[in-house]
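**Q** For reference, the chains in residue letters:
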Amino acid sequence: MNAGAVADAVTETLRPMAGATHALPQLTHLQRLEAESIHIMREVAAECERPVMLFSMGKDSAVMLRLALKAFYPSKPPFPLLHVDTTWKFRAMYEVRDRTPAETGMEVLIHRNPDALAQGINPFTHGSQVHTDTWKTVGLKQALDKYRFDAAFGGARRDEEKSRAKERIFSFRSAQHQWDPKNQRPELWNLYNSRKHKGESIRVFPLSNWTELDIWQYIYKENISIAPLYFAAERPVVERDGVLIMVDDDRMPLNPGEVPQMRKVRFRTLGCYPLTGAIESDADTLPKVIHETLLARTSERNGRVIDHDAAASMEKKKREGYF
Amino acid sequence: MAAVSELIAVDIEGYLKQHEAKSLLRFITCGSVDDGKSTLIGRLLHESKSLFDDQIATLEGESRKFGTQGEELDFALLVDGLAAEREQGITIDVAYRFFTTDKRKFIVADTPGHEQYTRNMITGASTADVAVILIDARKGLLTQTYRHSYLVSLVGIRKIVLAINKMDLVDWSQQRFEQIERDYREFAPRIGLEDITAIPLSALRGDNVIEPSARTPWYTGPTMMRFLETVELDETRRERGPLRFPVQWVNRPNLDFRGFSGTIASGVVRPGDRVRAQPSGRESTVRRIVTEDGDLPIAVAGQSVTLTLADEIDTSRGDMLSSTESPAEVADQFEATIVWMSDEPLLPERSYLLKLGPAVTNAVVTEIKYKVNVNTLDHLAAKTFELNEIGVCNLALDRAVPFDPYQTNAATGGFILIDRMTNQTVGAGMLHFALRRAHNVHLQHVDIDKAGRSGQKGQKPVVLWFTGLSGAGKSTIANLVEKKLYEMGRHSYLLDGDNMRHGLNRDLGFTEGDRVENIRRVAEVAKLMVDAGLIVLTAFISPFVSERAMARRSLAEGEFIEIFVDTPLNVAEQRDVKGLYKKARAGELDNFTGIDSPYEPPENPELTINTVDCSAAQAADRVIDHLRSHGLIK
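These protein sequences, in sequence, are chains X and U.
Take 1 as the starting number for the first sequence in this note's numbering and just add one per residue.
Take 1001 as the starting number for the second sequence in this note's numbering and just add one per residue.
Don't read these hints as lab results, they were simulated from the structure.
Since we're looking at a predicted model, the values are computed, not measured.
Worth double-checking, as some hints may not be accurate.
BS3-like cross-link-like pairs, simulated, lysine-lysine; straight-line CA separation at most 27 Å [as the list claims (entries may be wrong)]:
| id | chain 1 | residue 1 | chain 2 | residue 2 |
| --- | --- | --- | --- | --- |
| 1 | X | Lys-146 | X | Lys-198 |
| 2 | U | Lys-1483 | X | Lys-221 |
| 3 | U | Lys-1457 | U | Lys-1578 |
| 4 | X | Lys-288 | U | Lys-1457 |
| 5 | X | Lys-70 | U | Lys-1457 |
| 6 | U | Lys-1369 | X | Lys-288 |
| 7 | U | Lys-1483 | U | Lys-1583 |
| 8 | U | Lys-1022 | X | Lys-221 |
Partial selection, computed: residues in chain X whose CB lies under 7 Å from chain U [claimed, not checked]:
| id | residue |
| --- | --- |
| 9 | Ala-35 |
| 10 | Tyr-73 |
| 11 | Pro-74 |
| 12 | Asn-193 |
| 13 | Ser-194 |
| 14 | Lys-198 |
| 15 | Arg-235 |
| 16 | Arg-240 |
| 17 | Ser-281 |
| 18 | Thr-285 |
| 19 | Leu-286 |
| 20 | Pro-287 |
For each residue, glycine too, the CB sits at the ideal point set by N, CA and C.
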């Protein structure tokens, strides 16, 4: 067959895709993603002994929680939520967390690394790396060990970062919580192998195939409540190394002569407030935020200080047990 | 991120509506090392404006540091995520990428080309609608091209893009392009691939990726992006099939509600539809389709819902609700194709876990029919499947499950095999059909049962399973134990190498596969003898944990007593009663346990006897004491 004939063959297959002759409902890509996430959560609930859902109060976490409530309805999700606290989150995030049990009927466990608490680890005196490692990486391991959770849902997406793109939906951790990227189990069709030895655990990522746009779209479509920090408002900020940091409480040490200024800002991702950069914005409604996100030419992780450390920093962190 | 569309600026809500209605295309890219897969994907991401400024800035930095393209952007670096591969300059695992155009949302599985990672390709292909097979125009079709084409066809992909890349390096030769296309079209129908679109490309330079290239005036077909945006999706195929609803989770919030949660594998369901619960065969009517967004009047393949039924039917995870008009088949023996994914070869007669939808059963390969030479598609005789080998075999499960042939429905005919000991996913399989004898062989009901036969002898039948190295003292101890039992008037029988290997197992050697089969037969014979009411003693090295576990599973709780005759290798070798260690050390005996074949000690044996510390007679007394203290003999 020559090239011309190939072109004809292709043209022939280009029939209208609307499927007018067909009365059955067509699933949109968002419905397919939703169904996949629900399937994954039910699989874990059916096969694992003590699952838990990590809860970070961010937008992805909000979507994951919404999907969990859908997956098991009319039952409550058969697992608690877990917040690995650093004591340095935005106050507005703690408000979201503290009203979640009443809003969802789900239990929210809170774990703070007692060693980090005793040593007063904070991003100012110890730096972002020690802070994140001690509170989050070590704290998460402590919490999983303490409650003997054998599966933990996380809201990570494959589009976030290069090493995430290669992680499985069911990602295994040794008893020491380590990830071995060269020894991942093949995942075929929608069949997940959740079997593990005693002491080993699984990190499960039901949002693996969602993109940032999908998340926003779903929040919009489902009218999911998210932390007000995502919307632009006048907030007190200081500028450091070109990054706008919100002065969320009086623990933040100010440099000599540094005076917080009120600026209209919002956040693209949420974390510890001293480590999370704000962007100047007028987007104070969801459609405006999505509008701005779509036009933005800087990826969302750019606001996270930890990603700048090194090209392979996330992979290194994950091998060590970071979520 | 999405392409920047006009609509975003003027009407964001309109844009969201449009984006929500988009279809989803999943495709895989496969090819050999250095065919330019990563470069092609990187370019698709870049050209669809799926990259952000900071990602491009990072890419510029990394291109200078690790890149192979001089001052130009090295798109391969975008998708080669893991540190190890950046150092080696190759892709080593399957990665998923996302991009959106105004027409479609895409999920790309980037799969590696090296032979040892074929399992990753099968993984990526299992969820794809279209396969993009890359060819280096200079090299033409390679062994890997045949392998990858065969794999994608095996997994059921029917739409192929033959991306003939690096056309810039063959001076955009139309003749070269057409020759490669011709070669491929000659081969492809043999593996059932007919829907093929060949595109001349330079992923590196961007020719025919998004825009038609001026350098290929002789080519009038679609560019890569145009093809991906317009190729017809067969989304309705699954919806047109009969209802298959594998029950994933029984939803019981309270005594008044009992629902079955799952994802519809094919067909359509409406309240009022008659359904059959399989394998039980009980029928009922769908009462409600429950979701948190409210009850639905209809649900279709791909949706995750919860069904309630009009009748109380005892149905649990792993069962299937099917259309009563065309229910699934139910069987426990199949022919299937298996892709082996483990360094440890597949052993016939070893028990693996098989996961088919939510159903998990024990499975053994009862017969290997052949393996496939993926270069020639020839069928080769085989006793086992090694890593990355593909073949056809018969499977027997320990219970009947509902299924469809894989070609009819991948969601109810595709399965994975899991190793019981390592918990690794070791194989992927596709069911062809049920073996007829599964329908025809029924257990004959008998009136005198095990309890009757053992009651007549006034004893509780058990298996005393002695395991340990050659020369550990298994047969000696077992022999003494049997003498004591005989003196007590017990009815017993001792199975050992002499009476098994010389008769029933005369056809077996000492390869790993033969040893597994040897122990399987011993376990079966022991089981029959227990059924006859006897106390059975077995004295075999039985080196593998999984075969002893299989023997244990084949018996009732408490009937299997594992006795580990624990003798260190150097002691056993020193005794060397039969002179076998000496021969093995001299290289005259292959596969000798402890020397060049492993012995896996029991993890939780009922009894461990250390023969360094006690005599055979003392050991026999300990066994008798154990039986007595557990009430097995008086």
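**Q** Are the hints correct? Go through all of them and say.
**A** For each hint, the structure was consulted:
1. X/Lys-146 to X/Lys-198: holds, 15 Å
2. U/Lys-1483 to X/Lys-221: violated, 78 Å
3. U/Lys-1457 to U/Lys-1578: Given that 27 Å is the threshold and the Cα spacing comes to 37 Å, the pair is violated.
4. X/Lys-288 to U/Lys-1457: violated, 85 Å
5. X/Lys-70 to U/Lys-1457: violated, 59 Å
6. U/Lys-1369 to X/Lys-288: Violated, at roughly 62 Å.
7. U/Lys-1483 to U/Lys-1583: Between U/Lys-1483 and U/Lys-1583 the Cα gap is close to 32 Å, so the pair fails against 27 Å, i.e. violated.
8. U/Lys-1022 to X/Lys-221: Distance of about 15 Å is within 27 Å: holds.
9. Ala-35: holds, 4 Å
10. Tyr-73: Since the shortest Cβ distance to chain U is 4 Å, the answer is holds.
11. Pro-74: holds, 5 Å
12. Asn-193: holds, 5 Å
13. Ser-194: violated, 9 Å
14. Lys-198: Violated. Min distance 11 Å.
15. Arg-235: Hint violated; X/Arg-235 Cβ to chain U Cβ min 23 Å, cut 7 Å.
16. Arg-240: With a closest approach of 18 Å, the X/Arg-240 hint is violated.
17. Ser-281: Since the shortest Cβ distance to chain U is 14 Å, the answer is violated.
18. Thr-285: violated, 10 Å
19. Leu-286: violated, 10 Å
20. Pro-287: holds, 5 Å
In summary, the structure is inconsistent with hints 2, 3, 4, 5, 6, 7, 13, 14, 15, 16, 17, 18 and 19 from the numbered list given earlier, while agreeing with the others.
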